[in-house]
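Asks: Each protein sequence line maps, in turn, to chains A and B. Residues in the first sequence are numbered from 1 upward in steps of one, following the numbering used here. Residues in the second sequence are numbered from 1 upward in steps of one, following the numbering used here.
The hints are simulated quantities; they were obtained by calculation from the structure and are not laboratory data. Be aware that a few hints might be false.
What the hints assert, rightly or not - With a straight-line cut-off of 25 Å between C-alpha atoms, the simulated PhoX-like cross-links for lysine-lysine are:
(1) A:K81 with B:K147
(2) B:K3 with B:K66
(3) A:K56 with B:K66
What the hints assert, rightly or not - Only part of the chain B face toward chain A is listed, based on derived beta-carbon distances under 7 Å:
(4) R52
(5) K66
(6) P106
(7) F146
From the three backbone atoms N, C-alpha and C, an ideal C-beta is built for every residue, glycine too.
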Amino acid sequence: MHTTIDGLDALILNRIQGDFPISEDPYEDIGRALGVSGEEVLRRVRRFVEGGVVRKVGPFFDARKMRYLSTLCALAVPEEKLESVAALISSYPEVTHNYLRAGTPNLWFTIIAESKEAIQKIIGEIEEKSAQGPVRELPAKKMFKVKVDLKVGE
Amino acid sequence: MEKRDIELVRALQNEEIFLTERPFHEAARLLGWTVEEVLGRVRCLKEAGVIRRFGAALTPRNAGFKSNSMIVWDVEDLRAEEAGSLMSEHPRVSHCYIRPRFEGFPFNIYTMVHGSSPEDLARIVDELAQLASSSSYRALHSLREFKKSSPVYYPKALEPENV
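This is chain B alone, in the form it adopts within the complex (with noise of 0.2 Å):
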C-alpha cells in the first residue's frame, strides 16, 4: 500500500469520528487533507474492495439475534464450494469458509449463524443442511467470549519511520 493509503487507513481506525456530524471531515483534519481527497480516496478504496463494506457491525445477542452459532459441516470435498456458496446466500450467515478437515474433525465447511431464538435458529440449520445437502454438522456454541476486537491495521509503532 501507498503511504497515503496507509494514513488514510490510520485515521479512518479512529471509530470515534464515526460518531460525530461529518466523519469525513474529521478525517481530513486528521491527515491534512481536504475533505474532497479524504471521499475520493475512501471511494477508491471501496471500489477496489480494499474496504469490504462501510457501515455498522452489530453485536448480534443486542440486536434481537440471542441464538448465535459456529456451525460446521462435513460436505464431501467436490460439493463443498457449491454448498458453500448457496449457505453464504442465507440471510443470517454472517461468515462462511472452506478449511481443512483434521484428526477427528471431519468438518470443512464453516458459518456463523444467527438466530432469534433456539427454534429459530435449529430451523435456520435445517435450511442450510438442505442448502449443503448434508446432515452431517456439529454446534459449536460459544461458550465464553474472551476476546473480540477489530484488527489494527498498520499500528503506528510498528512502522520504521517511527522506530
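Only chain A is shown next, with the shape it has when bound in the complex (with noise of 0.2 Å):
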C-alpha cells in the first residue's frame, strides 16, 4: 500500500525503531518529546500498521537467549517445482522466512526452533518430502550486533 509519510511522521518513526519507551503511557512519552499529544502519535502508528510501514511494534527477543536455535537454509529448486516446494517449506510455523532469489541455490529460507533435533527433523522432512536433494544448513558462526535505524525521510 502507497502511504506519504510527512515530516512528523518521519521523527515518529525514527523514534520508535529501537527505543518504544517501557512505560504507562509510552504513547504519551512519545508526543512530549515531539510536542504533539499521545493520541496523535497512536493515530499515525496505527495508520503505519495498517499500511504496511510498519510491520510490527513490540519486542525482538534474542532467540539463543530464549534457548531458540536458529539456521538458514538454501535449497535449488527447479522453477517447475516451486510452487509446490515453497508452499511445503512455508507451511512449518518454525520457518519464519522464506523468498526466491536470484542464483543458484535459489530458495532460502530460516528456521527456527527449540532444539537442534527439532530443525533436523524439519530439514529432513522438507527432503524427504520435496526430493530436491539435500538442504544447505547455513548457521550463523557469528552475529554481529547491529542498531537497527533505518533513517527515514532523509
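Got two chains here, each in a separate frame; can you build the complex from them with the hints?
Replies: And the structure:
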C-alpha cells in the first residue's frame, strides 16, 4: 500500500524503531518529546501498521537467549517445482522467512526451533517430501550486533 | 526460562496490545499482574538482552527503501570478523552474519542492505566493499517473498501442562 510519509511521521518512525518507551503511557511520552499529543502519535502508528510501513511494534527477542536455535537454509529448486516446494517449506510455523532469490541455490529460508533435533527433523522432512537433494544448512558462526535504524525521510 | 517469564513473553507476543493507548496495562490485564510488575520484568529482560530491542520493525520497501538486497561477501577467513564488524556499523545494514561457505559458493559474510534506489544501493555496496576490503560479492536480490513472519516463542499448545 502506498502511504505518504510527512515530517512528523518520519520523527515518530525514527523514534519508535529502536526505543519504544517501556512505561505506563508510552505514546504520551513519545508525544511529549515531539510536541504532539499521545493520541496523535498512536493514530499515526496505527496508520503505519495498516499501511504496511510498520510490520510490527513490540519486543524483538534474542532467540539464543530464549534457548531457541535458528539457521538459514538454502535449496536449489527448478522453476516447475517452485510453487509446491515453497508452499511445503512455508507450511512449517518454525519457518519464519522464505524467499526466492537470484542465482543458485534459489530458495532461501530460515528455521527457528527449540532444539537442534527439532531443526533436523524439519530439514529431513523437507528433503524427503521435496526430493530436491540436500538442504544447505548455514547456521550463523557469528552474528554482529546491528543497531537497526533506517533513518526515514533522509 | 522461568514460568513467569514465559507467561510474560506470551503476553507480549499479542501484537495488538501495542496499538492501544497503554500497552503494558493491557499486558498486565492479560497476565493478572500489576503494571509495575510487568514494566519491571520487561526492563529486566531488556537489560539481560533477552529482549534485544523494543520498538517498531519497518517494512523497508514501504518506508522509502525501494532497493533492498541480501549481499554475500567472500572475505578471507582471518579478516572476516573485522570486516563483518565494520560492515555491521553501516547505517543501511540491518543484518550481518558470518556463515559457512559451501561448494560452488565461496561467500562467508551475509548482509541485508537497504537503499532508496538502485543507484543508492550500488553506492552503499561500494562503501561496504571498501569496509570489507573485498570486491568479491554477489547480490542475491529477492525475486519473490513466500513468507515473512515473526517467530512465535513458547506457543501454548506445545507446553506440557496444556497437553
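Asks: For every hint, state whether the structure bears it out.
Replies: Now the hints, each set against the structure:
Of the supplied pair hints, the one linking A:K81 and B:K147 holds, its CA atoms being roughly 17 Å apart against a limit of 25 Å. This hinted pair does not check out: B:K3 and B:K66 have alpha carbons roughly 42 Å apart, beyond 25 Å. Restraint check: the Cα-Cα separation between A:K56 and B:K66 comes to about 19 Å, which is no more than 25 Å; the hinted pair holds. Because the beta carbon of B:R52 sits about 4 Å from the nearest beta carbon in chain A, less than 7 Å, this interface hint is met.
Hint on B:K66 is violated. Least Cβ distance to chain A is approximately 12 Å, over the 7 Å limit. For B:P106, the interface hint is violated, since its Cβ never comes within 7 Å of a Cβ in chain A; the closest pair sits about 13 Å apart. With a cut of 7 Å, the hint placing B:F146 at the interface with chain A holds, because the nearest CB-to-CB distance is about 4 Å.
Hints 2, 5 and 6 from the earlier list are contradicted by this structure; the remaining hints agree with it.
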